[in-house]
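J.: What follows is the residue order along each chain.
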Amino acid sequence: MKAIIKTISVLLIFISTTVYSQDLTQLVAQCAANAGNVTYLKDFVVKLDAGTLGGAPPTARFAMILSKNAMYRFSICTAPDSEGDAVLQLMDMNRLLGSTFIQATGKEFPYFDFKCQKTGVYHVFISFKEGKAGESVGVLSLVKKF
Amino acid sequence: MLKNVLIVLFIILLVISCKSGGDKSETLEVDESELVEGDLEISKETIDDIIQSVSSPVEMAALVKDLGIKFSNKYLAPTDHVDEISTSFKQALSLGIYGADLGYLNMYNKTASVIEYISAIKTLADEIRVGQFFDFTTLKRLAQNYQNLDSLMYLSLRSFNEMDQYLRDNDRSHLSALIITGVWIEGLYLATQVASDAPHPSLAERIGEQKIILEKLILIIKNFSKDSQFANLLEELNRINALYKDVEITYTPGEPEPKEENGMLIIIQNEESIVKISDEQLNEIIAITKEVRDKLVGA
Numbered sequence: 001m002k003a004i005i006k007t008i009s010v011l012l013i014f015i016s017t018t019v020y021s022q023d024l025t026q027l028v029a030q031c032a033a034n035a036g037n038v039t040y041l042k043d044f045v046v047k048l049d050a051g052t053l054g055g056a057p058p059t060a061r062f063a064m065i066l067s068k069n070a071m072y073r074f075s076i077c078t079a080p081d082s083e084g085d086a087v088l089q090l091m092d093m094n095r096l097l098g099s100t101f102i103q104a105t106g107k108e109f110p111y112f113d114f115k116c117q118k119t120g121v122y123h124v125f126i127s128f129k130e131g132k133a134g135e136s137v138g139v140l141s142l143v144k145k146f
Numbered sequence: 001m002l003k004n005v006l007i008v009l010f011i012i013l014l015v016i017s018c019k020s021g022g023d024k025s026e027t028l029e030v031d032e033s034e035l036v037e038g039d040l041e042i043s044k045e046t047i048d049d050i051i052q053s054v055s056s057p058v059e060m061a062a063l064v065k066d067l068g069i070k071f072s073n074k075y076l077a078p079t080d081h082v083d084e085i086s087t088s089f090k091q092a093l094s095l096g097i098y099g100a101d102l103g104y105l106n107m108y109n110k111t112a113s114v115i116e117y118i119s120a121i122k123t124l125a126d127e128i129r130v131g132q133f134f135d136f137t138t139l140k141r142l143a144q145n146y147q148n149l150d151s152l153m154y155l156s157l158r159s160f161n162e163m164d165q166y167l168r169d170n171d172r173s174h175l176s177a178l179i180i181t182g183v184w185i186e187g188l189y190l191a192t193q194v195a196s197d198a199p200h201p202s203l204a205e206r207i208g209e210q211k212i213i214l215e216k217l218i219l220i221i222k223n224f225s226k227d228s229q230f231a232n233l234l235e236e237l238n239r240i241n242a243l244y245k246d247v248e249i250t251y252t253p254g255e256p257e258p259k260e261e262n263g264m265l266i267i268i269q270n271e272e273s274i275v276k277i278s279d280e281q282l283n284e285i286i287a288i289t290k291e292v293r294d295k296l297v298g299a
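Heads up: the sequence lines are chains A and B, in that order. For the first sequence, my numbering begins at 1 and goes up steadily by one. For the second sequence, my numbering begins at 1 and goes up steadily by one.
Wrong hints could be hidden among the right ones.
[What the hints assert, rightly or not] Quick look at which bits of chain A chain B covers, simulated, 3 or more residues with Cβ under 8 Å:
#, stretch
1, 50-60
2, 86-98
3, 117-130
Hint data in this document are derived by calculation from the structure and do not stem from the laboratory. The structure presented is a predicted model; accordingly, all values stated were derived computationally and were not measured. Idealized CB from N, CA, C, for every residue including glycine.
For reference, chain A alone in the conformation it holds in the complex (with noise of 0.2 Å):
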């Protein structure tokens, strides 16, 4: 019976873990095709969870090279049922070159565009506000060539 039992929950625990991934999957569609008229490049999908009071946000960093004379969509969506807002920030180095909120305004903003001028490696780091917890895809595409 135990056995039994115990099969059902690694079972219950899949189905979860599945229904999770399908989910995402429909996020990242969502949010390539809420970008508008682009090509999608690559899809960022996150998952955090909170951080300890008075410390850091976690956050999730991934590296792309972008290429000079190509102006990139960089897009975040974030879960339906996230306990926290995403935000996206790109950065060169330690430099920030650009964020989809504004902390200054307190201004969102769905996506932003990147006109970039100097080919190389950049880095997105995707984090929620106040450091909840919370799930979300990050979209990388691309506007077109100028």
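Dock chain B against chain A, hints included.
T.: Structure of chain B alone, referenced to chain A:
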């Protein structure tokens, strides 16, 4: 009681079979005896970072299209010998090459050929046990329906990214490294062949910029070079790299400039990279890239 439990168990199994929508097994065992990860000189995290960072299969094709260059089949790798590609090393490398070609075809909406390349990719992906990420039926349906070209592009790129992520998550980064090397070499081949047929400063600059990516690729391929196949690939990449030695990339500083247009945020980067590549250097890169790529395609 036991009967009820069995019924519940049966329903759960039924739900799983419906929900999984494919055979994305996480426990696939692969015989990759000819490829040994061995002791890595750089961390797995660094390798993953480099693999993840390498440009998408469509970026070079997008540049070529934006320059007004017409589509040509001659830039594509032939798919007729795909069934003869027998080792996982060659399968992964070819998967990357065909992936770049698929990006080129998608960019030009060449749906008839897209099916041929998706089919080749699916065959190779099945061989290295990642075929579950390519929903061939849906991709084929989208390719046959001219109204869903954006979906076709999205789904094929997303499948490619999912496959790469799966390989890296399952300690098969050596295969991911080969796939991105294939993507990169085919992208460079496309750019250099187009540059040869229709020279353009933007193409020359983009080819020169590949120095940055090539250095990173060499770093990861070198990491697996205890294996003789990787050592041979490294040798080929080093042939190209030698030609990049005198290609100069300089930078002019500048601060990013945010501006809002119609409620949209646009960041303009004022820091700039400048590539200095001579015609002679470019011609050498064109020639050697063709040699290396043809060797890899015919391997």
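J.: Kindly indicate which numbered hints from before are broken by the structure, ordering the numbers from low to high.
T.: Hint check: 1 fails alone, others pass.
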